[in-house]
Amino acid sequence: MTKPLLHIEKLVKRFGGLTATDHADLSVEKGKIHALIGPNGAGKTTLIAQISGAMPSDSGRIVFARHDITKMTMDERARLGLVRSYQITSIFGRLSVLENIALAVQAIEGSSFRFWSSARSEKERYEKAHAVAQRVGLGTRLTQLAQALSHGEQRQLEVGLALASRPQLLLLDEPMAGMGPEETERMVGLLDSLRGETTVVLVEHDMDAVFKLADKISVLVFGKVIASGNAQEIKDNPSVKVAYLGDDFQHLNVSQVTP
Amino acid sequence: MADLKPVPSVLEHTLQLRWSLPFLALLLALPLAAYSVGDTFYVGMATRVLVFALAASSLNLILGFGGMVSFGHAAFLGIGAYSVAILMQNGIASAWIAWPLAILLTALVSLLIGWVSLRTQGVYFIMITLAFAQMLYYLVISLKAYGGDDGLSLAARSSVGGGIDLSNDVHLYYLSLGALVMAMVFMVRLLNARFGHALQAIRENEVRMTALGFAVFRYKLAAFTLAGAVAGLAGVLFANLNGFVSPAMMQWSQSGMLMMMVILGGVGHLYGGVIGAIAFLLLEEFLSHYTMHWQLGLGAVLLAVVLFAPNGITSLLKRKASHD
Chain B
1 MTKPLLHIEK LVKRFGGLTA TDHADLSVEK GKIHALIGPN GAGKTTLIAQ
51 ISGAMPSDSG RIVFARHDIT KMTMDERARL GLVRSYQITS IFGRLSVLEN
101 IALAVQAIEG SSFRFWSSAR SEKERYEKAH AVAQRVGLGT RLTQLAQALS
151 HGEQRQLEVG LALASRPQLL LLDEPMAGMG PEETERMVGL LDSLRGETTV
201 VLVEHDMDAV FKLADKISVL VFGKVIASGN AQEIKDNPSV KVAYLGDDFQ
251 HLNVSQVTP
Chain Z
1 MADLKPVPSV LEHTLQLRWS LPFLALLLAL PLAAYSVGDT FYVGMATRVL
51 VFALAASSLN LILGFGGMVS FGHAAFLGIG AYSVAILMQN GIASAWIAWP
101 LAILLTALVS LLIGWVSLRT QGVYFIMITL AFAQMLYYLV ISLKAYGGDD
151 GLSLAARSSV GGGIDLSNDV HLYYLSLGAL VMAMVFMVRL LNARFGHALQ
201 AIRENEVRMT ALGFAVFRYK LAAFTLAGAV AGLAGVLFAN LNGFVSPAMM
251 QWSQSGMLMM MVILGGVGHL YGGVIGAIAF LLLEEFLSHY TMHWQLGLGA
301 VLLAVVLFAP NGITSLLKRK ASHD
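Quick note, the sequences are listed as chains B and Z, same order.
Each residue of the first sequence is one higher than the one before, starting from 1 at the first, in this note's numbering.
Each residue of the second sequence is one higher than the one before, starting from 1 at the first, in this note's numbering.
Treat the hints with care, since some could be wrong.
Said to hold, decoys possible - Once the Cα atoms are required to be at most 20 Å apart in a straight line, the calculated SDA-like pairs of lysine to any residue come out as:
| no. | chain 1 | residue 1 | chain 2 | residue 2 |
| --- | --- | --- | --- | --- |
| 1 | B | Lys224 | B | Met55 |
| 2 | B | Lys216 | B | Ile226 |
| 3 | B | Lys123 | Z | Glu12 |
| 4 | B | Lys224 | B | Thr70 |
| 5 | B | Lys123 | B | Gln144 |
| 6 | Z | Lys318 | Z | Val306 |
| 7 | B | Lys30 | B | Glu9 |
| 8 | B | Lys3 | B | Lys30 |
| 9 | Z | Lys318 | B | Arg94 |
| 10 | B | Lys71 | Z | Arg218 |
| 11 | B | Lys123 | Z | Pro8 |
| 12 | B | Lys212 | B | Arg195 |
| 13 | B | Lys30 | B | Pro4 |
| 14 | B | Lys216 | B | Val63 |
| 15 | B | Lys71 | Z | Phe217 |
| 16 | B | Lys216 | B | Asp25 |
| 17 | B | Lys32 | B | Ser228 |
| 18 | B | Lys123 | Z | Val10 |
| 19 | Z | Lys318 | Z | Pro22 |
| 20 | B | Lys212 | B | Asp192 |
| 21 | B | Lys32 | B | Asp206 |
| 22 | B | Lys71 | B | His23 |
| 23 | B | Lys71 | Z | Arg119 |
| 24 | B | Lys123 | Z | Arg189 |
| 25 | B | Lys212 | B | Gly229 |
| 26 | B | Lys123 | Z | Ser9 |
| 27 | B | Lys32 | B | Ala65 |
| 28 | B | Lys71 | Z | Ala215 |
| 29 | B | Lys123 | Z | His13 |
| 30 | B | Lys30 | B | Leu80 |
| 31 | B | Lys128 | B | Arg141 |
| 32 | Z | Lys144 | Z | Gln134 |
| 33 | B | Lys123 | Z | Leu190 |
| 34 | B | Lys71 | Z | Val207 |
| 35 | B | Lys128 | B | Arg79 |
| 36 | B | Lys128 | B | Gly139 |
| 37 | B | Lys123 | B | Ile108 |
In case anyone wonders, no lab produced these hints; they're calculated from the structure.
On a predicted model such as this, the values are computed, not experimentally measured, just so you know.
All chains should be modelled from the sequences, with the hints used to inform the complete structure.
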């Protein structure tokens, strides 16, 4: 077995008396789409925050691409190729779509301690940004201000910003949040096209999307990873069933989804 | 690619030469006009405006473009000014030695203050920069050898050589104008360069910039230090203009005044500091002719600007331009 790209060991995060992440273990293999699911309040967003570096961990270890990144800041991790997107859209509202993505390219290409030569004259960077915009379906919206985009388009831009850094690992926090069925379908298509190219950790509530996309699924309950496996293994896992009892997962389990 | 044609953007700025060049010509002609009517008072007054335009512009760099509301900017002005005065008292009158030293010292102090302050956000940042400035204010008061509370007179203006004689008001005026023009050219280049784009994007969304991989703290610290150094230069010129430095110029009210200039002129507009300084000082001059309570009138104007033109005087000019 090859070394996993991302390996998490006994990770802990406490908020006062609450243990939001409770000795969580997780291994993400390179090139896979790895879904992280769990009932509301299971600690998915907290775990994403810890992996991305937005939140320090109380104990445990995070190893990414052979680097121990547990103590690294968020921007250091991003420069290593571990980039996240946000559940609540976080874009540059007053900048155009192209400028948004061009900034993401700027983050990883060359120093930004350049005080004199025009940033706009970097044709290559803007062309790369253009290509990313096309990839996420915003190729015709380049000059539009981000704040003027529809919700679905803003979600596409959100993913585009993360994607533009050509990350080794993409942490996507509910990319389909608040999307209509058509937009969701487009996003699923986009994420599907990333398979093999980049590794994805996907937190998502939309079970249809998860079962369609994920090579591997891990289930988080009360801050613990209680099961990891392919779709069928997860569906057959008794403790997962218990955790989801009453949730629509049961109902999905019966007929609708075939991996 | 047709799509890549530049479009107006909040990241990009121009010198707007169409009206800034004629205005510069006016400024260049001002001493001639003043001398031809025999009223040299206005040269000194105009130099004061230029110096504050420089100081306010440096504040605008961090406040307007970097989103850092620093309430201690006058301290940097003071360090620049005091450096010149103290060196002068110790026999170093040469601008070639004293000025770089003054600017370097200001840059160093702002680097240290920024290094601590920029770990905080919002109101805490405002308070901590204010606190640092007050510390420096009291430090200067305690320098009894250099006048303490009473301030310190300069024996003469700095000596430059090469045909430039700063004891001549006109020379000092043109030197200040040159400094301001250079600062503006540098500022527009900086804002349109990678650094400026990063800085302004940090103002727009700091968390996302971190998530993208920008070491946000470093960019903010660099801008803070740079702004401090330019304020130091303004302080150097100010000390030469007045021939006198005192703790009063480092007081929090002076920092507040610089902030008011930026707000009046236009936060995050290239010329916000310049226009703000001109408007503020001319209003002060005008109103103080009529009443000793000129601050009241100034307050009313500031209130009106904040209420009716929240982006400052420049936004009024822009609005007019788009109607034309």
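Query - 20 Å limit on alpha-carbon distance, applied to hinted pair B/Lys212 and B/Arg195 - result: With Cα atoms ~12 Å apart, B/Lys212 and B/Arg195 stay inside 20 Å; holds.
Query raised in the report: Between B/Lys216 and B/Asp25, does the CA-CA distance stay at or below 20 Å?
Result: Holds - the C-alpha atoms of B/Asp25 and B/Lys216 are around 14 Å apart, at most 20 Å.
Query raised in the report: Regarding the pair B/Lys30 and B/Glu9, is the alpha-carbon distance no greater than 20 Å?
Result: Holds: B/Lys30 and B/Glu9 sit about 17 Å apart, inside 20 Å.
Query raised in the report: Do the alpha carbons of B/Lys123 and Z/Arg189 lie within 20 Å of each other, as the hint requires?
Result: holds (18 Å)
**Report entry** Restraint status (C-alpha distance of B/Lys71 to B/His23 at most 20 Å)
**Finding:** holds (17 Å)
Query raised in the report: If you draw a straight line from the CA of Z/Lys144 to the CA of Z/Gln134, is it 20 Å or shorter?
Result: holds (17 Å)
Query raised in the report: Does the alpha-carbon distance linking B/Lys216 and B/Ile226 stay inside the 20 Å limit?
Result: holds (14 Å)
Requested in this report: Below or equal to 20 Å on CA atoms is what counts here, so check B/Lys30 against B/Leu80.
Outcome: Cα-Cα ~15 Å, so holds.
Query raised in the report: Does the structure keep B/Lys123 and Z/Leu190 at a Cα separation of 20 Å or less?
Result: Roughly 18 Å between the alpha carbons, so the hint for B/Lys123 and Z/Leu190 holds.
Query raised in the report: Can the restraint linking B/Lys224 and B/Met55 be considered satisfied, given a maximum Cα separation of 20 Å?
Result: holds (17 Å)
**Report entry** Distance restraint between B/Lys123 and Z/Ser9, which requires alpha-carbon spacing of 20 Å or less
**Finding:** At roughly 17 Å apart (the allowed maximum being 20 Å), Z/Ser9 and B/Lys123 satisfy the hint.
Query raised in the report: Is B/Lys216 within 20 Å of B/Val63, Cα to Cα?
Result: holds (19 Å)
The structure shown violates none of the earlier numbered hints.
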